[in-house]
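A.B. asks: Let the hints inform the model, and build the full structure from the sequences given.
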Amino acid sequence: MTNRTPDTDEPLGDPRTTLALLEAQQRQVLNAQQTPVIWMYFIWGVTWLVGFLALWSGDVDGNPWFTIPAYVATPLFIVMLVASIVASAVLGVRINRGVRGASVFSGAVYGLSWTACGTAFAVLGTGLISQGLSPELANLYFPAAYALMCGTIYLGGAALWRDISQLVLGLVLLAVGAASSFAGSPGNDLVLAIGVGGAFLTAAVTLQVRRRSGR
Amino acid sequence: MTVDELDPVIHASARLKITATLATLPVGDQIAFPRLQELLGMTAGNLSTHLRKLEDAGYVDVVKSHQGRSPVTYLALSRTGRRAFEDYREALRGLLGESA
Chain F
0 MTNRTPDTDE PLGDPRTTLA LLEAQQRQVL NAQQTPVIWM YFIWGVTWLV GFLALWSGDV
60 DGNPWFTIPA YVATPLFIVM LVASIVASAV LGVRINRGVR GASVFSGAVY GLSWTACGTA
120 FAVLGTGLIS QGLSPELANL YFPAAYALMC GTIYLGGAAL WRDISQLVLG LVLLAVGAAS
180 SFAGSPGNDL VLAIGVGGAF LTAAVTLQVR RRSGR
Chain D
0 MTVDELDPVI HASARLKITA TLATLPVGDQ IAFPRLQELL GMTAGNLSTH LRKLEDAGYV
60 DVVKSHQGRS PVTYLALSRT GRRAFEDYRE ALRGLLGESA
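Residue numbers (numbering that gives the first Met the number 0), protein chains in the order written: chain F, 0 to 214; chain D, 0 to 99.
Simulated from the structure, these hints should not be mistaken for lab results. Glycine included, C-beta positions come from ideal geometry on N, C-alpha and C. Don't take every hint at face value.
SDA-like mimics (lysine to any residue), calculated; alpha carbons at most 20 Å apart, straight line [what the hints assert, rightly or not]:
id, chain 1, residue 1, chain 2, residue 2
1, D, K63, D, G27
2, D, K63, F, R99
3, D, K63, D, N45
4, D, K63, D, Q36
5, D, K63, D, A31
6, D, K63, D, Y73
7, D, K63, D, D28
8, D, K63, D, T48
9, D, K63, D, V26
10, D, K63, F, A101
11, D, K63, D, A43
12, D, K63, D, R51
13, D, K63, D, G44
14, D, K63, F, G100
15, D, K63, F, V103
16, D, K63, D, R78
17, D, K63, F, R96
18, D, K63, F, G97
19, D, K63, D, P33
20, D, K63, D, L46
21, D, K63, F, V98
A few chain D residues that don't get close to chain F, going by computed Cβ distances all over 10 Å [what the hints assert, rightly or not]:
id, residue
22, A43
23, V61
24, K63
25, H65
26, G67
27, R68
28, S69
29, R78
30, R81
31, D86
The following label-pair restraints were derived from C-beta to C-beta distances [to be verified]:
id, chain 1, residue 1, chain 2, residue 2, range
32, D, D55, F, R15, 27 to 37 Å
33, D, A43, F, Y109, 29 to 39 Å
34, D, S47, F, R96, 16 to 26 Å
35, F, V59, D, V71, 57 to 67 Å
36, D, S12, F, R96, 17 to 27 Å
37, F, T73, D, E89, 54 to 64 Å
38, D, E54, F, T73, 52 to 62 Å
C.D. replies: The structure is reproduced here in structure tokens:
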């Protein structure tokens, strides 16, 4: 062991201050990794809530208080969906930026699972339509399939990173996605808006409150 | 154990923050110098100085690499460094009467 460089570092105080400095630094690093995750939960929460409320309000059998023209509701939903996918891709890359090594493979597989599962569920739905699935049932299938997909992948994320927020979110999305079909169309849109949108927004707020309180 | 007996390589403000940050990386991962600098809010010169001290002590592994044509330095705690950091944290908790 050689110490060629002069020590210009600041001396540390008592053990309590030192331990507090150590823990504060580690918390700051974890917060920096968590910020994009909170944003993702927030963005997807707004998209599920507003997007599916718009679809529900765009159906004459949906919202009893007012109706949005379908030519507004459907494009609004699609624009929000595409914007959220783009934002997630950008934020997802930022979570572990500057890091390489063993965990990069896990992160890459996790990222790929969204694209692979999203495509598979779309192909399955298209296949079912080609085999005679009615538009009413397709309206039940697609949103439920994507809620189940999100729930399943979040369970995988929870296992990979021992992340309780993803575990709870995953279980809620699986329950809401599965139950939404019983509401029929377009009632399922309301169930998904409140259930899935609410779950994402609750997760975002919970993480934000927890980091504010230093836990 | 007294405060004076704490590992002098880690027991200094900047190096404590550096080792604490590197310890959050899972074993097997390395972090690029600019990202580490960003997480620590230190100048490049100051960070380099303290990293050299940690490298001299065998606590940090430094890997020079290339991204395209630009050179990038990746850093990680060595096995010795991770153990030293964990011992240091245990010693601090011991001094405060906390168990691990």
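A.B. asks: Against each hint, give a clear statement of whether it holds in the structure.
C.D. replies: Structure-based check of each hint:
Of the supplied pair hints, the one linking D/K63 and D/G27 holds, its CA atoms being roughly 16 Å apart against a limit of 20 Å. About 13 Å separates the Cα atoms of D/K63 and F/R99, which keeps this hinted pair within 20 Å; it holds. For the suggested pair D/K63 and D/N45, the alpha carbons sit about 19 Å apart, so the restraint of at most 20 Å is met. Restraint check for D/K63 and D/Q36: satisfied, since their Cα atoms lie roughly 16 Å apart, inside the 20 Å limit.
At roughly 10 Å between alpha-carbon atoms, D/K63 and D/A31 fall within 20 Å of each other, so this suggested pair holds. Of the pairs offered as hints, the one joining D/K63 and D/Y73 holds, with about 6 Å between alpha carbons and a cut-off of 20 Å not exceeded. About 14 Å separates the Cα atoms of D/K63 and D/D28, which keeps this hinted pair within 20 Å; it holds. A threshold of 20 Å between alpha carbons decides the hint, and for D/K63 with D/T48 the separation of about 16 Å falls inside it, so the pair holds.
Taking the CA atoms of D/K63 and D/V26, the gap is about 18 Å. The hint holds against a cut of 20 Å. With a C-alpha separation of about 18 Å, the suggested pair D/K63 and F/A101 falls inside the 20 Å cut-off, and the hint holds. For the hint pairing D/K63 with D/A43, the CA-to-CA distance comes to about 16 Å; that is within 20 Å, so the pair holds. With a CA separation close to 14 Å, the supplied pair D/K63 and D/R51 stays within the 20 Å bound.
A distance of roughly 17 Å separates the Cα atoms of D/K63 and D/G44; the hinted pair therefore holds under the 20 Å criterion. For the given pair, D/K63 sits about 14 Å from F/G100 by alpha-carbon distance, which is consistent with the 20 Å threshold. Between D/K63 and F/V103 the CA atoms are separated by roughly 18 Å; this keeps the pair inside 20 Å, and the hint holds. A hinted pair counts as satisfied when its Cα atoms are at most 20 Å apart, and D/K63 with D/R78 qualifies at roughly 19 Å.
For the proposed pair D/K63 and F/R96, the alpha carbon gap of about 17 Å is at most 20 Å, so the pair holds. Restraint check for D/K63 and F/G97: the C-alpha separation of about 14 Å stays at or below 20 Å, so the hint holds. Proposed proximity of D/K63 and D/P33 is supported: the alpha carbons are some 13 Å apart, at most 20 Å. For the proposed pair D/K63 and D/L46, the alpha carbon gap of about 16 Å is at most 20 Å, so the pair holds.
Straight-line distance between C-alpha atoms of D/K63 and F/V98 comes to about 14 Å, which keeps the hinted pair within the 20 Å bound. No beta-carbon of chain F is positioned within 10 Å of the beta-carbon of D/A43; the least distance is around 14 Å. Every beta carbon of chain F lies more than 10 Å from that of D/V61, the smallest distance being close to 14 Å; the non-interface claim holds. At roughly 13 Å, the least C-beta separation between D/K63 and chain F is larger than 10 Å, which holds for a residue marked as non-interface.
In this structure D/H65 is separated from chain F by more than 10 Å, as the shortest Cβ-Cβ distance comes to about 12 Å. With 10 Å as the threshold on Cβ separation, the claim that D/G67 sits away from chain F holds: the shortest Cβ distance comes to roughly 14 Å. At the 10 Å boundary, the C-beta of D/R68 stays outside the reach of chain F, the nearest C-beta of that chain being 18 Å off. Non-interface status of D/S69 relative to chain F is upheld: no Cβ of that chain comes within 10 Å, the nearest being about 13 Å off.
In this structure D/R78 is separated from chain F by more than 10 Å, as the shortest Cβ-Cβ distance comes to about 14 Å. Chain F leaves D/R81 outside its interface by the beta-carbon criterion, the shortest separation being 14 Å against a cut-off of 10 Å. A cut-off of 10 Å between C-beta atoms confirms that D/D86 is not in contact with chain F; the least separation is 13 Å. The hinted range of 27 to 37 Å is satisfied by D/D55 and F/R15, whose Cβ atoms lie roughly 29 Å apart.
Range check, D/A43 to F/Y109: about 32 Å between beta-carbon atoms, so the 29 to 39 Å window is met. Against the hinted window of 16 to 26 Å, the Cβ-Cβ separation of D/S47 and F/R96 comes to about 21 Å, which satisfies the hint. Separation of F/V59 from D/V71 is about 58 Å and conforms to the stated range, judged on CB atoms against 57 to 67 Å. For D/S12 and F/R96, the Cβ-Cβ distance of about 26 Å falls inside the hinted range of 17 to 27 Å, so the restraint holds.
The hinted window of 54 to 64 Å between F/T73 and D/E89 holds, with their beta carbons roughly 59 Å apart. Between D/E54 and F/T73 the CB atoms are about 59 Å apart, so this pair conforms to the stated range of 52 to 62 Å.
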